[in-house]
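K.L.:
If you read the protein sequences in the order shown, they are chains A and B.
Position one of the first sequence corresponds to residue 1 (the numbering used here), numbered consecutively onward.
Position one of the second sequence corresponds to residue 1 (the numbering used here), numbered consecutively onward.
Derived from the structure by calculation, the hints contain no laboratory data.
This one's a predicted model, so the numbers in the text were calculated from it and none came from an experiment.
Don't be surprised by glycine CBs; every beta carbon is placed ideally from N, CA and C.
Each hint should be verified, as a subset may be incorrect.
[As the list claims (entries may be wrong)] Stretches of chain B that chain A covers, calculated by requiring three or more beta carbons in the stretch to come under 8 Å of a beta carbon on chain A:
| id | segment |
| --- | --- |
| 1 | 16-28 |
| 2 | 62-72 |
| 3 | 181-192 |
| 4 | 259-267 |
[Claimed, not checked] Pair by pair, the computed Cβ-Cβ distance ranges are:
| id | chain 1 | residue 1 | chain 2 | residue 2 | range |
| --- | --- | --- | --- | --- | --- |
| 5 | A | Gln62 | B | His154 | 42 to 50 Å |
| 6 | A | Gln48 | B | Asp145 | 31 to 39 Å |
| 7 | B | Asp8 | A | Phe65 | 42 to 50 Å |
| 8 | B | Pro304 | A | Gln48 | 55 to 63 Å |
[Claimed, not checked] Here chain A is said to cover these stretches of chain B; the calculated rule only asks that three of the stretch's residues, wherever they fall, bring their Cβ under 8 Å from a Cβ of chain A:
| id | segment |
| --- | --- |
| 9 | 119-129 |
| 10 | 305-313 |
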Amino acid sequence: MSADGPETFEDLYRELEETVRRLDAGGQPLDEAIALYERGMHLVKRCQELLDAAELRVVTLQQLFAAEQPASPDV
Amino acid sequence: MLIIPVSDLCAMVREVLESDPRLGDVWVMGEVSNLRRPSSGHIYFTLKDAYGQLRCAFFRRDNARSRVALDNGLQIVAHGYVSFYPANGDLQLYVDFVHEQGVGLLHLEFERLKERLAAEGLFDASRKRPLPEFPRRIGVVTSPDGAVLHDICHVLRRRWPLVEVLLAPTQVQGDGAVDGVCRAIENLCAVRDVDVIIVARGGGSVEDLWTFNEEGVARAIFAAKVPVISAVGHETDYTIADFVADVRAPTPSAAAELVCPDRAEVAVRLQALGDALERHLAERLRAARADVAALRAALQRGRPDLAALRGRVEGQARWATEYFRRAIGARRAALDRQAARLQALSPAGTLARGYALVRRAPAGPVVRRVADAAPGDPLRVAVADGEFQATVIE
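If we strip away everything but chain B, and leave its shape as in the complex, we get (with noise of 0.2 Å):
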């Protein structure tokens, strides 16, 4: 027989119990009583039943994103594992995720895996990618037997025959489909020039469409290097995948309709690009033009005025003209004062007053004095009308 400290008793039950995979991963209901919150942040509590109680630990990292508020007496399901606490003997639920009661394990899984998935940030808006305007490549994650693959085809030929249709096929329900689809993503990422990838599924069920609900799924499209629409189910029909991916589409053939653009309204806008190249080139030789009246009304405007000059000169000639006619009379007319002067002074005058003008004949000098003249000389003697001959007696 051995003895054994406590301690390691507490241990080897904690690890009989941590090493039981029925109890790492179970979902358990119950009505919460003893609920406890210290300021610490976790939470205990005990879960019980009419035949039962378990103790529960709530820890504060996994409790900050629940939105359910524990409270005594509520009914819920709690997810999490079991093991034993050595330092005050308990058995205890270690809790990471609670739901009010009342609905499907499904649900509840789906719900617990939408909380941690949200919380590590994989449905960010932030982090949601637009779609290309003008796909070369579209990725399908599809299976290739039903008529999902048809129905986009269909639409993308109809609007955007442009593209290439690059088919992953892999089965998107049942065992192995979470692996298909995952390796199918992967896959296509890999492929040059796919540069969208639609991931789809046609109706069905709930459990039919639970490839979509899986987290390794949603952790592919993550993962993917271009953007991802899932198209998964009807309109409806909301999965994980749907929160993941870039895009949701409530159809396969919606996503198509999403993916690419339309054909015919493509071409409205070509028109429209062409009709404004016209428009402004239009505009260009317009201004051009306008440009060169412009500089011709400039050079009509610099161009010296002929006539104008010409009236100028005649003008100042005229001027000129007059000028000297003017000049000329005024100076006739001092000529003609001085003249008159000289008339005045000249010896006719003095003549026509009856004097006389003595010279020696024939035509020597004036006779001033009596010295000038000596008896028998001949004289001339010049009045006022004529001359006349005289001889000096004494």
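Looking at chain A on its own, in the form it has when it is part of the complex (with noise of 0.2 Å):
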């Protein structure tokens, strides 16, 4: 996975765990709660789609100058 996407598998896997620490700690209202629930059962299926669907990239330093578009030779 490209750093350069929106979306890293980090920044998604922390606010999973974000939501899920506050859905446990509670004090919101059931809708909100419910809502939590969504964005966390999303971020899951994410986290998984991601870990299922990659692939290692290897480039060089010079690969990387050469193209901003780095291209992904396998060794």
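Each chain sits in its own coordinate frame; assemble them with the hints.
P.N.:
Have a look at this one:
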């Protein structure tokens, strides 16, 4: 996964952890709790998709400098 | 012929000695004698062997970090430079490092650099940075040809293929290797999103790994903006780079294991987080249902009890009926008593006792005295059981 995309695994995962924490802490109205739950389940799904779809990319510095779009030859 | 002062000649001797590179960076071995430790903290001694001797000065700033306990008779290897001290005309070795004899030169260089960099703080535990939990781009400094890159990629592909490997290829041994490794580290640090760097080299002899014992490489690792993992040689090989790096990995494959989480383990964590979401929401729903039930119960408690009200009203009605019945009875009894008293006072009672009531006929006034009646007047006389007519005779 390239870090250029808006979604990084770490961002999604951190948001998921925070969502679980907030739902666990409670205190929000029920409809908000349901919205948190739905967001959290969506994040779980996105993270799982990223894990399943990922393929290791290997580029060299030269390739990166030559083209801003890094090619992906494997080793 | 020129005559010059002693001090000028001394200065010349000193200049000659200090300008010779062979004397500026020298290792000398010999036996310690005439050891002196004045209160200044500097150490002075003589190094000697069977055929010569040399005065040595080991100043406090250099001897403070030395772990060798110098003593007369000790065989040592000393490092330093040769110069001349004009004040007393001594040619001296200015020592900056000593080691007990019996080890090879490479080891001595290693120990000397390690001691110096440690004193400078390059190995301090306090500057070790934690590795990112989910790295995005891993910079790898290694040879493009060896098995090292392949090993690292193999592990990453299995454990965490979400990452991008950015290879900074460089030679890792021989001439130019130090510059190459330093430049590779610097270049990787300049690339956006590189959040950790692995400096790696496969196994080899001490000489093969020497690049990673060079001061330049140590300083490049120290200067890196992101955490650096060193992975040089085999498990038993320790290099200066290992001491400077934020994390030392025993092998390149181990570095790849350390640098990223395991996909399967993270999948389990995701599952657990999803389960936690389910659990928390179920708990919230259960609590909400309990709230509704409690409210309903409260509502029911607050509703007026019509049957009880009706009972109360009926009871009061019964009481009122009874009350009035009794009151009426009491009044009636009182009335009867009054009636009896009236009865007692009525003329009928008197008549019954034998008196008579005389009135002028046909319905005139009661005759109370003689003057009320004249002879010949008709009268009506009432007795107990009736009336009869009478006439006044006289």
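K.L.:
Hint by hint, note whether the structure agrees.
P.N.:
Going through the hints against the structure:
1. 16-28: This one is violated; 0 residues, fewer than the three required, reach chain A with a Cβ under 8 Å.
2. 62-72: violated (count 0)
3. 181-192: holds (count 5)
4. 259-267: holds (count 3)
5. A/Gln62 x B/His154: 42 to 50 Å: violated, 23 Å
6. A/Gln48 x B/Asp145: 31 to 39 Å: Taking Cβ atoms as reference, glutamine 48 of chain A and aspartate 145 of chain B lie about 37 Å apart, which means the hint holds.
7. B/Asp8 x A/Phe65: 42 to 50 Å: Since aspartate 8 of chain B and phenylalanine 65 of chain A have Cβ atoms about 59 Å apart, the given range 42 to 50 Å is violated.
8. B/Pro304 x A/Gln48: 55 to 63 Å: Holds, since proline 304 of chain B and glutamine 48 of chain A (Cβ atoms, about 57 Å apart) stay within the stated range.
9. 119-129: violated (count 0)
10. 305-313: It is violated: at least three residues are needed, and the segment 305-313 of chain B offers just 0 whose Cβ sits closer than 8 Å to chain A.
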